[in-house]
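Asker: Chains as they are written, first to last, in our numbering: chain H, 1 to 394; chain W, 1001 to 1272.
Everything labelled a hint here was simulated from the structure, so no lab data went into it.
One or more hints might be untrue.
[Claimed, not checked] List time: in silico DSS-like cross-link candidates among lysine-lysine, alpha-carbon distance up to 27 Å: (1) H:Lys-394 / H:Lys-371; (2) H:Lys-113 / H:Lys-282; (3) W:Lys-1118 / W:Lys-1155; (4) W:Lys-1016 / H:Lys-113; (5) W:Lys-1186 / H:Lys-113; (6) H:Lys-13 / H:Lys-27; (7) W:Lys-1009 / H:Lys-113; (8) H:Lys-378 / W:Lys-1009; (9) H:Lys-48 / H:Lys-161; (10) H:Lys-108 / W:Lys-1186; (11) W:Lys-1055 / H:Lys-390; (12) H:Lys-378 / W:Lys-1055; (13) W:Lys-1186 / H:Lys-91; (14) H:Lys-272 / H:Lys-2; (15) H:Lys-108 / H:Lys-161; (16) H:Lys-90 / W:Lys-1193; (17) W:Lys-1013 / H:Lys-113; (18) W:Lys-1217 / W:Lys-1235; (19) W:Lys-1251 / W:Lys-1193; (20) W:Lys-1009 / H:Lys-112; (21) H:Lys-108 / W:Lys-1205; (22) H:Lys-272 / H:Lys-64; (23) W:Lys-1016 / W:Lys-1118; (24) W:Lys-1251 / H:Lys-90; (25) H:Lys-112 / W:Lys-1251; (26) H:Lys-108 / W:Lys-1013; (27) W:Lys-1230 / H:Lys-381; (28) H:Lys-282 / H:Lys-371; (29) H:Lys-267 / H:Lys-235; (30) W:Lys-1118 / W:Lys-1085; (31) H:Lys-378 / W:Lys-1235; (32) H:Lys-394 / H:Lys-381; (33) W:Lys-1007 / H:Lys-378; (34) H:Lys-138 / W:Lys-1235; (35) W:Lys-1055 / H:Lys-394; (36) W:Lys-1055 / H:Lys-387; (37) W:Lys-1150 / H:Lys-112; (38) H:Lys-13 / H:Lys-253.
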Amino acid sequence: MKLVYLDNNATTKVAPEVLEAMIPYFKDEYGNPSSIYDLAHNANVAVKEAREVIAEFLGANDPKEIIFTSCGSESANMAIKGALDVNRNKKHIITTRVEHPCVLNLYKDLEKKGYSVSWVDVDANGDLNIGQLLESVKPDTALVSVMMANNETGTIYPVDKIAQAVKMQNPETKVFVDGVQAAGKVKIDLKSTKIDMFGISGHKFHAPKGIGALYVKSGTMLSPLIVGGHQERGKRAGTENVPYIAGMAAAAKLAMENLNDELTRVKSLRDKLERGILSKIKNAVLNSKSANRVPNTTNIGFQYIEGELILLHLNDLGICASSGSACTSGSLEPSHVLRAQGVPFTSLHGSIRFSLSRYTTEEDIDYTLEKLPAIIEKIVKISPFQKELKEIFK
Amino acid sequence: MWEYSDKVKEHYKNPKNVGSIENADAIGEAGALACGDKLKIYLKINDKGIIEDAKFQTFGCGSAVASSSILTEMIIGKSVDEARKITNKDIADALDGLPPEKMHCSVMGHEALEDALKNYSGDNPGEENVEKTGKIICNCFNVSEEEIIKAIKEKGAKTLDDIREINYAGGGCARCVPNIKMLLDKYAKKDDKLNPVQFILKINKVLETNVAGELGKDSGGIELVNVEGKNVYVKLTGTCSSCKNATMTLKNFVEAQLREHVDPEINVIEVK
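This is chain W alone, in the form it adopts within the complex (with noise of 0.2 Å):
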């Protein structure tokens, strides 16, 4: 089970503004049912701009309903410019913190707010929110398009579970994973297929860089001698060909560098 601090066992036992308000001066909406969470928030908004009223509607686990409960206590007495400077941190921190896989919920309490507040004000949210939160990738663990094109480049990330091991990003939500997905087929590197004379000239090439020196220490050597489809035949030369732990050397060493960096599949046989 989660950790929740007692704010967030409190609102979710006890949850404060429960509802919809009739007529009222902005709805805002996050999330969705397949996600497994919906928020709706009511705002009552007097002449002078202040949130008289709010109340709200979720389907959502307990840091969900606990998110919702205290921002509609945050925002009632602020004024909308004042309640548009509140951040999904903000809501973290007034339930005394969320747990990690958890802070999507104070995301969605924010977008919800955000999306209320525009509706008031008649901002179309569309291209230009759309604009604004380019940078940002994944909302719930705030990480930007730049941090996860890094984590593919710098740190070799291959998948999405790469990524979330990485920054966490897509780990809440997973609302954002289609953009992550775009951007691992855009900058990771794929493990193309290899031609049959690239495939024995990728295998030489290990055994150059890889296998030879090593080899050489102990004033030994190696050759390509034939490929037959996974199987590499090759020819111990110097010290190694007289070795009694060739074939240690061959299936340890030989076979499972090839196996690394070639083929997973590959049998190294040795010719004499």
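Bound conformation, chain H alone (with noise of 0.2 Å):
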């Protein structure tokens, strides 16, 4: 069967060339980069090259600024804990309602063990309320935390910008950046901003699942989340994975070989598969609405319908999207990030993500507009609000 990935904001396949990077590291040079003979050296020196790549990648001043950790999620464990636990007499977080779950839960977790934290509110658009972030700097905030491009909507926030006024009325605040989505998909110079700490992961770059990298800025203090060892300059102890810091040091490469194609062919095939959904299917709403977006995401809501039963039609047919619907999630709640918007309910429940990568094709995109006017009759068929959709189609 015909397979047409559209999920790339949940993971993506690792590269050809990626593996390739991968495989002697598994093999022959399998030495601990730590130890003193020759076996070593070849895999100390791809750490060493994984780290100005990566550096180069982030557009970090100096090597020494790349933390590799094991994903995204530590990442950001890493930079929040270890940035409060050196600045304890400040109880004060900035956050959005939009972070994903893996920074979102943490700071709900610190809130109840005395943090006290001001959320950020989105507008209708997706947009940051920034006038809103800014007042909420207080003497008292440690850290400010926002993701540079939300994953459920694309949005980019203007992380450099919210950076730099933050510590113009607070230096001592730390700025944490969540830019796992980001990576990849738009470029990123960190040394031409404020911010402190940036996170990435690189299986959202076609790099495996299982490995990440954390930017801490020079200077920047931080306590370790992982305790032991002397690697990675004692901040973060645990013998080096090296083939997969090799594979995410290639992805990086192939990532930034490949930016312009994202921010071309692959943003003209996202806003043809955006554009042919909203023109063919009446019941369609885009959700994603903010002017500034990362090239390869859409979210569009199905009025009166329900997104997973959509999910499934689709992977009957071979099509792999998500949805921001309560069935489809663990918790059985609807996506905050959409709530947060205030997608209402009649299309919240039916809304649906579509993320591109430099891997699809025109062909993937014909398919997929050629099938979802037909399931989405399907389904329309079906709901009991028949006279609601009615007024939509007619």
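Hints are included, so try docking the two chains, each in its own frame, into the full complex.
Answerer: What follows is the structure, given as structure tokens:
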């Protein structure tokens, strides 16, 4: 059966070049980078070179600013807990209502432990209320934490401007940016910003799952999350995951080479899909309405029908996408991001995210546009909201 | 993704008896748009009380559609009395089971059928209904009020999440969440803020009951000297007063005990 993978914000396929770059470190080059003999030399060089590549990828000043981690969640946890731990007398945090659960739930947890958290709202387009954010900065504010791009809608938040404005008000406040959904989709140049910490995850840009990185600006104090050996200059203990580190570096190189493709071809495919759905299907409404979006993501709500059922029918035709519906999540709660944006219940439960990658073809998009209308029509027929739907389809 | 049985897949892919019946003899509804699922069922019932035809319309996930579809198949040809005996478990069983998180879909099917049959016989679904189902709080997992109170009183549940962990109640369609919250308000112990005197007395009590006995094993002792805000000043006595591990004892044991039992922000400071 044909496979059309339009769920690249969930995870991506490992690029063949990435897998190839990893294999030597599973085979002959198995040395521990910390060891002294020749066998370990190549592993050591691989980690060193990977650090340089990731530094270039993120626009860091110095490879020493890059710490390898196991995933995006570890990067976020390390940044947030590490920065708060060295600044224990400050008990105020500012973040947004639309962060990824790994960040959101950590702040909810910290709230229980005595921190006060200011939650910044978004408007109906998904754009952040920056005025509200800046008004919340206090002398007591330890941390401001804003994602660079939203995983569900693709909305880009102006994190460089936010960091600068926050530092003007309180130079001691640290700024953490969850960059997981931005890496590989837009240009990142951290050295020209005031951002203190920036987390990424390899499997969102065609590296395998199980590898991430955290950028920590030189001079930023951070206590380690994983304590033990001296690896990563004492900031993250544990023997370096050499094959995965090499793999993520290869993926970052490819992402840099293909950034232009992402910003042009992938974007035009996304736009074609989005326009096509909105024009062909009458009960479709756009949820990702911000003018500032990553080029690969669209989020569309289908009124008066339910998202899981759409996904199941798409799956039967080999099309993979995801939903903000309550029924597809383990928590049985509809998307907090779309709710923060004020998406009405009529389309909230029928919201579908399509996320493309550089492996998406025009054929994939045409196939989806060909199949989706019939699926929606079929589901519309069984909806109990026939009166409302008749109004929309008339 | 959920692990759906082949039966469920068959029914959401090609649902049976979709639509409405004009001049239906009974119509029933369950669910709401805001909750993410809503079901409407239409019945044609003949003079002998036999359900001749049934149709449904569902806004919901794959298992909601499958539950509705199979329910219509189950009731066509049955008498009203026979149909009344169908439970939500029967619906789930007919689908070769549903994932636990999706059991509420079968409940919804059952509720819509009940609603329709009530309409048919002219029963008033008002107060009587409330009374009948008053004992069961969570229909999805069939959890009674008694069981929820037990979870609060005996297992120390304090939040909705605690309840969900103990007996799943409220973890399905979440329609019973307000009722569970009312029970939590009524029965869960409140961590009321202590006044300064109660605060000091509680510290002293923890020191006497949890701490002094342990230190006594090493012929040591502890005295409460002063409390200022969250700072607790103590004096170590006996062998403890000259012990080189005293700081560790204070932080790792005494402070930990006070933080756990009195206030998580307490600092313990030694007075020589």
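Asker: Broken hints, numbered, in rising order?
Answerer: 2, 3, 4, 7, 9, 13, 17, 20, 21, 22, 26, 27, 29, 31 and 34
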